[in-house]
Amino acid sequence: MARRVSPARIALTTVVAWVVGFVIFFPILWTVLTSFKTELEAFSIPPKFLFFHWTLENYRLVQERSDYFAHAWNSVVLSFGSVLLAMLIAVPAAWAMAFAPTERTRGTLLWMLSTKMMPSVGVLVPIYLIYRDLGLLDSHIGLIALLCLANLPIVIWMLFTYFKEIPKGILEASRMDGIGTGREIVFVLAPMALPGIASTLLLNVVLAWNEAFWTLNLTTSKAAPLTAFIASYSSPEGLFWAKLSAAATLAIAPILVLGWLTQRQLVRGLTFGAVK
Amino acid sequence: MATQHTRVLGRILVAPSVILLFAWMIVPLALTIYFSTLRYNLLNPGVEQFVGAENYIYFLSDPAFIGSLLNTLVLVGSVLAITVVLGVLIALLLDQMFVGRSIVRLMVIAPFFVMPTVSALVWKNLLMHPVSGVFAWIATSLGFRAIDWFAQVPMLAIILIVAWQWLPFSTLVLLTALQSLDSEEKEAADMDGTRPIPFFFHIVLPHLARAVTVVILIQTIFLLTVFAEIFVTTGGGPGIKTTNLAFLIYAQALLQYDVGGASAGGIVAVVLANIVAFFLVRLVGKNLEA
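Top line first, the protein sequences correspond to chains A and B. Mind the numbering: the first sequence is residues 1 to 276 in the numbering used here, read in order. Mind the numbering: the second sequence is residues 1001 to 1290 in the numbering used here, read in order.
Read the hints as simulated data drawn from the structure, not as lab findings. Predicted, not measured: the structure shown is a model, and the values here were computed from it. Beta carbons: idealized from backbone N, C-alpha and C, even for Gly. Take these hints with a grain of salt, some might be off.
[To be verified] Calculated pairs, BS3-like style, for lysine-lysine (alpha carbon to alpha carbon, straight line, at most 30 angstroms): (1) 164/A <-> 1286/B; (2) 116/A <-> 48/A; (3) 1286/B <-> 1186/B; (4) 116/A <-> 1286/B; (5) 1286/B <-> 168/A; (6) 164/A <-> 116/A; (7) 116/A <-> 1186/B.
[As the list claims (entries may be wrong)] Covered stretches of chain B (in silico footprint by chain A; criterion: 3 or more residues with CB under 8 angstroms from a CB of chain A, positions within the stretch not fixed): (8) 1043-1049; (9) 1061-1071; (10) 1094-1100.
[Unchecked claim] From chain A, some residues computed to sit far from chain B (all C-beta separations above 10 angstroms): (11) 52; (12) 170; (13) 176; (14) 188; (15) 197.
Could you put the whole structure together from the sequences, leaning on the hints where they help?
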């Protein structure tokens, strides 16, 4: 039985919660609004909240000036490429550790987690030099490999926590019924494993999309994703706030939608199952 | 009940991940250690020579190192304090019953998905600009003088930006923990007539302790190496006021081309991160047995 809460209290909580939510969300909202203003109105004091001349001009200029679509494509290639590659390596490993654990499984998992703790900046120098010598700087393949390795521990951990929850009895039951291995995978295992695999994929795409240490340091133009595209707006060549806002909106919109879809898995994925 | 056959198969399936992660960890780390013992500048290649601990002595005795270490601690500590305290409060708020919960929840977690370069630029220009920023407008409307954030209080500006980015994470983790608090416990407290404040301190807070620890450890790992926010706003300045350890090493390596010195700094960063990681891994490991 839920506790009875008085309407007055609900009303008060509603007001407070919406104010808090609005304050936290304000920087994003303001960016989106500014992206539709003219440069002049973007600067106006007092700021114009809704009543300004709405325009799409900034979006056109941003695409023209710094080629949004090329960078967005790089972001898609790097984030999906690196996560799909990581899944390919991680699914068998997580599966084996969840379904046939040995006395070494726990140690292996914790060791994998500890590799994620290494600060990137500690290995920046050798990676930079190796990439320079192998011609991998500013290349898709180099960045995909790097982001794949950087996210691999999280991918394995998330998959492991999902796979561990698949009841093992169901496998034995289906085996007793005498279905073959192929059909067992397609009809029994896949349907139970897919939700976990999908959540892992989405959350890690979000992480790879926003990764801003390696992408800033190892790309210049050809493979530069949206993180670098936005950083190019930091140079103070005049103040183009409306254009900056349009570029920012374009950079975060796709991943914000994806992020909102994965929010339920966020906690579990990023705390390595320590909080569920 | 693993048979010999499944054991072998299991090992084969796990092997690629282990080998790749091992190589990814050991090769760059070994190289970093090796470079850290050399006098090696990219502007002056071909004359590398072994200098023992000289780079470490140089790096550790550089006043910029102490400064950046302090900056790192201030940044990590302040962001942790802000995100944990506000995180608990907002999680308690979101756990209440009110109209439009799922929408407010979406608004609160949104900053986590904004890439660091975007949030840094948006805060710096649209919000914190001393003349045309929203904060300046609010301050002057209320009759105060506008603050020139990045000139007067650059570190505070960075702290606010980073705290804004991490607040959703701590809120969400704490909210998840809060929702797992037994509703029977809540009802029992209700019937006993326990007042909200003692209830919070005696039942809710101890229940959250574990989640708070997780938040602190995981955020520390990420906060120790905050980079993009500094890179696009202050470039570590003015002076070294906003240079943290990660940025100092980056500057040493890719701006001054001092491979030896940067590598020594990198090892120092690895050692610091490992101290935190030790506790996190133990905490997660305990959970694995449960």
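Comparing the hints with the structure gives:
| no. | hint | in the structure |
| --- | --- | --- |
| 1 | 164/A <-> 1286/B | holds, 16 angstroms |
| 2 | 116/A <-> 48/A | violated, 45 angstroms |
| 3 | 1286/B <-> 1186/B | holds, 27 angstroms |
| 4 | 116/A <-> 1286/B | holds, 18 angstroms |
| 5 | 1286/B <-> 168/A | holds, 23 angstroms |
| 6 | 164/A <-> 116/A | holds, 21 angstroms |
| 7 | 116/A <-> 1186/B | violated, 38 angstroms |
| 8 | 1043-1049 | violated (count 0) |
| 9 | 1061-1071 | violated (count 0) |
| 10 | 1094-1100 | holds (count 6) |
| 11 | 52 | holds, 14 angstroms |
| 12 | 170 | holds, 16 angstroms |
| 13 | 176 | holds, 16 angstroms |
| 14 | 188 | holds, 17 angstroms |
| 15 | 197 | holds, 16 angstroms |
The structure is inconsistent with the numbered hints 2, 7, 8 and 9, although it conforms to all the rest.
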